[in-house]
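The chain contents come next:
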Amino acid sequence: MTEETIILKDLESAVLNHDDQLLNKALKIAIDAGIQSVEIRRSILGGLDRVRRKLMSNETSLPELLISLDITAQGLETLFSQEGLTPAKDPVSLVIGVVEGDPHDLGKNIIVQIYKSFGYEVCDLGAQVPKERFVKAVKEKNARVLALSAMMSTTMTAMPEIIKEARAISPGTVILVGGAPLDEVLARTYGADGYAESAVTILEETERTITRCMGKTK
Amino acid sequence: MNQSTPTEQLIVPYGVVLCGAARRLAGVSYRDFSTKPEATAESYLCAYEKFGGSVLAWTDLSIEAADFGQKIIYPEESTAFPDYTDPLIKDIEDYRKLKRINLKDAKRMQGVLETIRIVLNSKRFEGGSIASLCLGPLAVLNMMRGAKRLFKDCVLYPNEVMACMETITEVLIEYVEAMCDAGLMNVALDTLLASWSGLSRELWEKIEGPFVREIADAIRKKQSLLFIHNCGDGPYFDSQIKFMEPMAISFAQLPDDCPDRKELKRRYGDQVVLVGNISTPLLSYGTPEEVMAECRVIIEDLAPGGNFILAPGCEFPPDGPFENAMAIIEAAEQYG
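In order, the protein sequences belong to chains B and V.
Residue 0 is where the first sequence starts when you use numbering that gives the first Met the number 0, and the numbers rise one by one after that.
Residue 0 is where the second sequence starts when you use numbering that gives the first Met the number 0, and the numbers rise one by one after that.
Any given hint could be a false lead.
To be verified - PhoX-like cross-link-like pairs, simulated, lysine-lysine; straight-line CA separation at most 20 angstroms:
1) K264(V) to K241(V)
2) K89(V) to K151(V)
3) K135(B) to K163(B)
4) K147(V) to K115(B)
5) K163(B) to K140(B)
6) K151(V) to K53(B)
To be verified - Chain B residues, not near chain V, derived (Cβ > 12 angstroms throughout):
7) T4
8) I28
9) D31
10) L44
11) R52
12) E76
13) T77
14) S92
15) E120
16) C122
17) N141
18) R143
19) P170
20) G171
21) C212
22) M213
None of these hints come from the bench; they were simulated from the model.
Positions of the beta carbon are idealized from the N, C-alpha and C atoms, including for glycine.
Only chain B is shown next, with the shape it has when bound in the complex (with noise of 0.2 angstroms):
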């Protein structure tokens, strides 16, 4: 094994073990010898994608997850504080928001970390977003994907008109809705491309749905 090939196993296994000590040394010699930033980005969300993968097939839990997620949030941020490094090229534009009225944000902010790892460009617009918000938000961001989270059954009841005036303002815009009150069935009652089940397998959800979109459009 390479001196290289150890320094990037060390990034993903600092990730996969939420050690951030071994996060910060291997991220310093990594710089320091010169690694490329894609092949450090990788190693890091290496280690992302294992932690929600175990999660996934139950063996680990959502705590470990939230703490690999601020893990890899502070190695990306130290690697792309760097001077020219960048996080993604052409980035996926995405708004992301909970419907007014709903302050319960814990799955949108996992949802936002994963995302913004993963290289999306991300507006959060937080919790308790009036359906204004996110139509003035969709239009200026020109976005790609549009994101709405409710955990009450009395607020989820707003996302029909906004996706109705997202799409009526952005028709090529992807409309992703999720929490606990929903499923696939009242996601497509109320107008929206996809339903994202779990912040767990939101990135597969998300691109599955945007492909999906792309040849109903053809």
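Knowing the structure of chain B, use the given hints to seat chain V on it.
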């Protein structure tokens, strides 16, 4: 607990679990429903008159946290929730600073107790039965710290979290004992974080298991029946049974060790009464026919052999159509 033998007609008990939705029957705002025991009681009396059966005297997830001093927002027409921008537990050091509160000064918990007394003393409630719900200490802490911070703290600072849980548990024991003294025959404990969408099994057993065991013991000592409610994804039935030995578990999603309802019945059907698990999204948007069809499948899977109560996986959606609540009752009668 068995309701039938294979040769008998199945009797399917049901629970509609109208909580927030009950206020609509009484024309009460959500804010009053959460904060005024007379309004809460009136809501439940109306629910009993319309749907019969039992009522769950519970309003929202913020009752216990409010009494510890967490700032709560009470929207006029939606469920109360903590002000997450101003959590009571702001830093790790705050876990050990949480003060024990006196139950007699706990306004919202006293409100629940008062609601129970009003309902039980009402002539309109003759023949009815009433239950209530107490959040487990970790769920209370969730309201005062915020889920994201709490989840990480459980891994990184378990001793601090557990020190705080001890303080909360002392109060919750007093609370459930007062519920039983007020006349409740059933008390439900909400252990939401004992699930795949909460902590790992090992971490939950370490952090919350010992504390909920104490609360469960207190309920049993009062001769009341212990229910568990857990509407998380992949609840850990085995761990919860190990620590609390409940009579029943109300659930929305399948346990993490059961791929389908039939396996759930096989594995746990003789250990606890299974209460559930009608989809709450379906109750929000489905037609009564669709609700009845889902109930039929659930009854076929879970009712044979007894130890089953047909009910929503969580509270009936606060804005859900009452026709769908009626469909649950019709399904229990028609397919039972």
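Here is what the structure says about each hint:
At most 20 angstroms may separate the alpha-carbon atoms for a hinted pair to count; K264(V) and K241(V) meet this at roughly 18 angstroms. The hinted pair formed by K89(V) and K151(V) meets the criterion: a straight-line CA distance of about 14 angstroms does not exceed 20 angstroms. For the hint pairing K135(B) with K163(B), the CA-to-CA distance comes to about 13 angstroms; that is within 20 angstroms, so the pair holds. For a cut-off of 20 angstroms, the pair hint linking K147(V) to K115(B) stands: about 17 angstroms separates their Cα positions.
Restraint check: the Cα-Cα separation between K163(B) and K140(B) comes to about 18 angstroms, which is no more than 20 angstroms; the hinted pair holds. Taking the CA atoms of K151(V) and K53(B), the gap is about 17 angstroms. The hint holds against a cut of 20 angstroms. A cut-off of 12 angstroms between C-beta atoms confirms that T4(B) is not in contact with chain V; the least separation is 29 angstroms. For I28(B), the requirement that its beta carbon stay farther than 12 angstroms from each beta carbon of chain V is met, with the minimum near 26 angstroms.
The non-interface label for D31(B) is consistent with chain V: the shortest C-beta to C-beta separation is roughly 29 angstroms, beyond 12 angstroms. Every C-beta of chain V lies more than 12 angstroms from that of L44(B), the closest at about 20 angstroms, which supports listing it as non-interface. With a minimum CB-CB distance of about 15 angstroms to chain V, R52(B) clears the 12 angstroms threshold, and the non-interface call stands. Once the 12 angstroms rule is applied to beta carbons, E76(B) is consistent with being away from chain V; the minimum gap is 18 angstroms.
Annotated as non-interface, T77(B) keeps its C-beta farther than 12 angstroms from every C-beta of chain V; the closest such distance is 20 angstroms. A cut-off of 12 angstroms between C-beta atoms confirms that S92(B) is not in contact with chain V; the least separation is 25 angstroms. For E120(B), the shortest C-beta to C-beta distance to chain V comes to about 23 angstroms, beyond the 12 angstroms cut-off, and the non-interface label holds. Consistency note on C122(B): stated as away from chain V, and its beta-carbon is indeed over 12 angstroms from all of that chain's, at 20 angstroms minimum.
With a closest Cβ-Cβ approach of about 30 angstroms to chain V, N141(B) is found to remain outside the 12 angstroms limit, as its non-interface label requires. With a closest Cβ-Cβ approach of about 27 angstroms to chain V, R143(B) is found to remain outside the 12 angstroms limit, as its non-interface label requires. Every CB of chain V lies more than 12 angstroms from the CB of P170(B), the least distance being 25 angstroms, so the non-interface label holds. Here G171(B) stays apart from chain V, with its beta-carbon at least about 27 angstroms from theirs, past the 12 angstroms limit.
Residue placement check: C212(B) keeps its beta carbon more than 12 angstroms from all beta carbons of chain V (closest about 23 angstroms). Residue placement check: M213(B) keeps its beta carbon more than 12 angstroms from all beta carbons of chain V (closest about 28 angstroms).
In this structure, every one of the numbered hints holds.
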